[in-house]
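Just so you know, the protein sequences line up as chains A and B, in that order. In terms of the working numbering, the numbers along the first sequence are unbroken and rise by one, the last being 480. In terms of the working numbering, the numbers along the second sequence are unbroken and rise by one, the last being 386.
Some hints here could point you the wrong way.
Here are some of the chain A residues that sit facing chain B, going by a computed Cβ distance under 8 Å [stated by the list, open to error]:
hint: 1; residue: L109
hint: 2; residue: Y119
hint: 3; residue: I123
hint: 4; residue: P128
hint: 5; residue: H147
hint: 6; residue: H150
hint: 7; residue: P289
hint: 8; residue: R332
hint: 9; residue: T350
hint: 10; residue: V351
hint: 11; residue: M352
hint: 12; residue: Q365
hint: 13; residue: G368
hint: 14; residue: G371
hint: 15; residue: R446
Computed spacing ranges between beta-carbons, pair by pair [claimed, not checked]:
hint: 16; chain 1: B; residue 1: P202; chain 2: A; residue 2: K304; range: 33 to 39 Å
hint: 17; chain 1: B; residue 1: P55; chain 2: A; residue 2: E300; range: 24 to 30 Å
hint: 18; chain 1: B; residue 1: L262; chain 2: A; residue 2: S290; range: 39 to 45 Å
hint: 19; chain 1: B; residue 1: S96; chain 2: A; residue 2: T276; range: 35 to 41 Å
It should be emphasised that the hints constitute simulated quantities derived from the structure, not laboratory data. The structure displayed is predicted, hence computed values, not measured ones. Even glycine gets a Cβ: it sits at the ideal position worked out from N, Cα and C.
Each chain, letter by letter, is given below.
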Amino acid sequence: MKPASGPGVEAPGTYIDERRLPYPFCPGCGHGRILDALNAALVRTRRDPRRVVIVTDIGCVGLSDQYFLTNGLHGLHGRSVTYATGIKLADPDLTVIVLMGDGGCGIGANHLVHAARRNVGIAVLVFNNFNFGMTGGQQSPLTPPGSVTSSTPAGNPEFPMDVCATVAVNGAAFAARTSAFDPALSDLIYEAITTDGFALVDIWELCTAYFVPNNRFSRQALEQALKQTGLPAGAVARRTRTEYTRALRDQAPSPGGAPIRAIEPRYKSALAGPRSIILAGAAGQKVRSAASVLGRAAVMSGLYATQRDDYPVTVMTGHSISEVIVSPQPIGYTGIPAPDVLVVLAREGVPRARRLACGMGPEGRLYVERSLVPQFSAGTKARVHVLSTERLGKRSTGLAAVALIAEQERLVPVEALEEAARDGHRGVEEEMVRAIAARKLLVQ
Amino acid sequence: MSRAFITGAQAIVQGAVDSGCDFYAGYPITPATPILLGMVRALPPRGGIAIQAEDEIAAIGFCIGAAMTNRRAMTATSGPGMSLYSENIGFAIMAEVPLVIVDVQRMGPATGGATTPAQGDLQFVRWGTSGGFPVVALAPENAEQCYRLTVKAFELAERLRAPVFLLADKEVVMTAETVDPERLKSAGPVTPRRTAPPEGPYLSYGFDRPEDVPAFSPFGGPHVVRVNTSTHDEGGYLTKDPAKVERLNRHLVAKIEAAAPDVEDVALDLQEGADTLVVSYGVSARSAADAVREARRLGRAVSLAVVHSVWPFPKAAITRALAGVLHLVVAELNFGQLRLEVERVVEAGQRVTGVHRVDGELITPGAILQAILQQA
């Protein structure tokens, strides 16, 4: 926490824009008391007001930021914590304070939990008057049970959310509960805004327009309730944890971020026109990485290539289908209604492959694993080649098949495939090269 | 000549990096996830921040907060996530937040088809938030255009202090293809948003002419800054003064409309004496180009317009292409969303045929060719 700094910057005696006073709140409303306490806490921080951002949620509390000489952001209902997080991430040295109502704790509960869990260094002040004031006194998730509100005329049947416990159990660095009448309110707010981590203060107060008249509520009742509910008051959680934006900055970045690598075409393909290849296999056969090797080998051979993949929502099970087009000319349409070459490696790929095979003509080439041949005995005019995959490890099947058809259909030289396999498959290069060599096992 | 074999997602990540993007927040969703994964690897080594948020609402919320603290921010999602972005898209329009939003379209509505190609969000990005205010949206049809239009999206977002959409689609983002790496280089650094001089008073939303873009000043910078999503005056204070409200609303429209000539981006391939014009965008434009080539081979004079700037609708370019044309063919993977806009600009006697497909398969060049030939 840095004090007001920079040439010519004096710590202001107040952070309130007095030209804009008085506050616009109802007589007896607690909001003004809380804003005065916030101001007193800010005065203690001596921070340059330009280094403070007050983010307001929706409701009467949303009117608050415009009475401060600091930066202000007035955003959407429930989302104030997300803007505050973005601001803190972008400039971690800023003091970022969220002002939200008890209503905002409902629609924005998700963000409260996650900001606490991450321990983002923002301070959230909950102006908790137990109901929605601006929209006419409706129930909020913090409304006490039995209370009459305009949307619970027979009394609130719901259990209220303990917002302090919620953020505390999820990792907040500081959580406190008090009332707008507490003489120590400003001290708690000061502690919240100087906490190096996520801090929340649940501040109970009076809504004199709705909650007070609907429930014969008063200052005494509020203070009694604070004692009688069994909810802890005062600072209920203090925890030392690394603040999120610092943890993020201190993290060594992973050495990823592979730049787009140029491929120098140094092989030659005899291909005269476009050829479309569909590989239909199962998850685990490395179909997609085999297709990628073919695509890159084609580019290394001076061809254009496209690769589209199709796989189900499941991960290590189900079909895995890749569609590759290689062509001496640039490729527009990437669909393959009827492939020139169809390779069927597993039963998972059969349903799609059977539909495709029906559309293939006599010039089409159908390479099928031996056990699946009966499923293609009718309905296709393509010439069938039988493959034996049983002598191959599952992980080698896709690439071995690609290597076989690359050779037999004269798509690209095997050397190009080997180079493409070595390039960009760190740790498994030799496994991939062995799979290419294993193509011969497929036809033995 | 060297080449590269990359997906549209890789091109978008590279385009963002080359645009000086230094903040990314996203939430996993097919088919936009590859962009999230690319950004979390690309930005941190360069001093940027890229994180996964708890949901799409938080993702765009983080971006808005960061953008107003002088970061160049981007987020990417697909249809279901766009639905959750909706309210914050309104924020970015109203509070004049520079932000790039990538919508990798998949089949809708709702969860639809996660890996199923579709182009159903064209009108959604235009009308995806309350109030009916205009937006800018660019649509790539291949990896090279993914790169170029990402850079352009950042240029426009910075210049206009507005959300700019990259309306991509599953096919273009997830398909790997051959590109010339020389074409994936930006012409130069993206021009930063115009910032207010550090001295003197500052109005967060000050403008003279309606089309002027207010000078930016970041949170934490030399001025006290007020960002406001409610109807506000030039100082960023809430107002219901009818004159100020109208001035603000007209400004939000005028700044986009005034930029339309610079946004306009249509690849016109006009043929002398053509009586038919094919209009398409995104993945369908690839089939359209194949179909036009084939039609010409068959002796037909056909023109082609590949629309890269879908919003504002590129009226001037399309109108130019319409000269002398009797028939139009509009190809897209939906029930006719761009066709609606084309129909608004055609003249009496010019007939529009839509080639639409909604079964999850791509439009074939043959279907477009048939539409061209049937026009005769």
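Hint by hint, here is what the structure shows:
no., hint, result
1, L109, "4 Å, holds"
2, Y119, "4 Å, holds"
3, I123, "4 Å, holds"
4, P128, "10 Å, violated"
5, H147, "6 Å, holds"
6, H150, "4 Å, holds"
7, P289, "4 Å, holds"
8, R332, "5 Å, holds"
9, T350, "12 Å, violated"
10, V351, "12 Å, violated"
11, M352, "17 Å, violated"
12, Q365, "10 Å, violated"
13, G368, "4 Å, holds"
14, G371, "4 Å, holds"
15, R446, "19 Å, violated"
16, P202(B) / K304(A): 33 to 39 Å, "47 Å, violated"
17, P55(B) / E300(A): 24 to 30 Å, "26 Å, holds"
18, L262(B) / S290(A): 39 to 45 Å, "41 Å, holds"
19, S96(B) / T276(A): 35 to 41 Å, "39 Å, holds"
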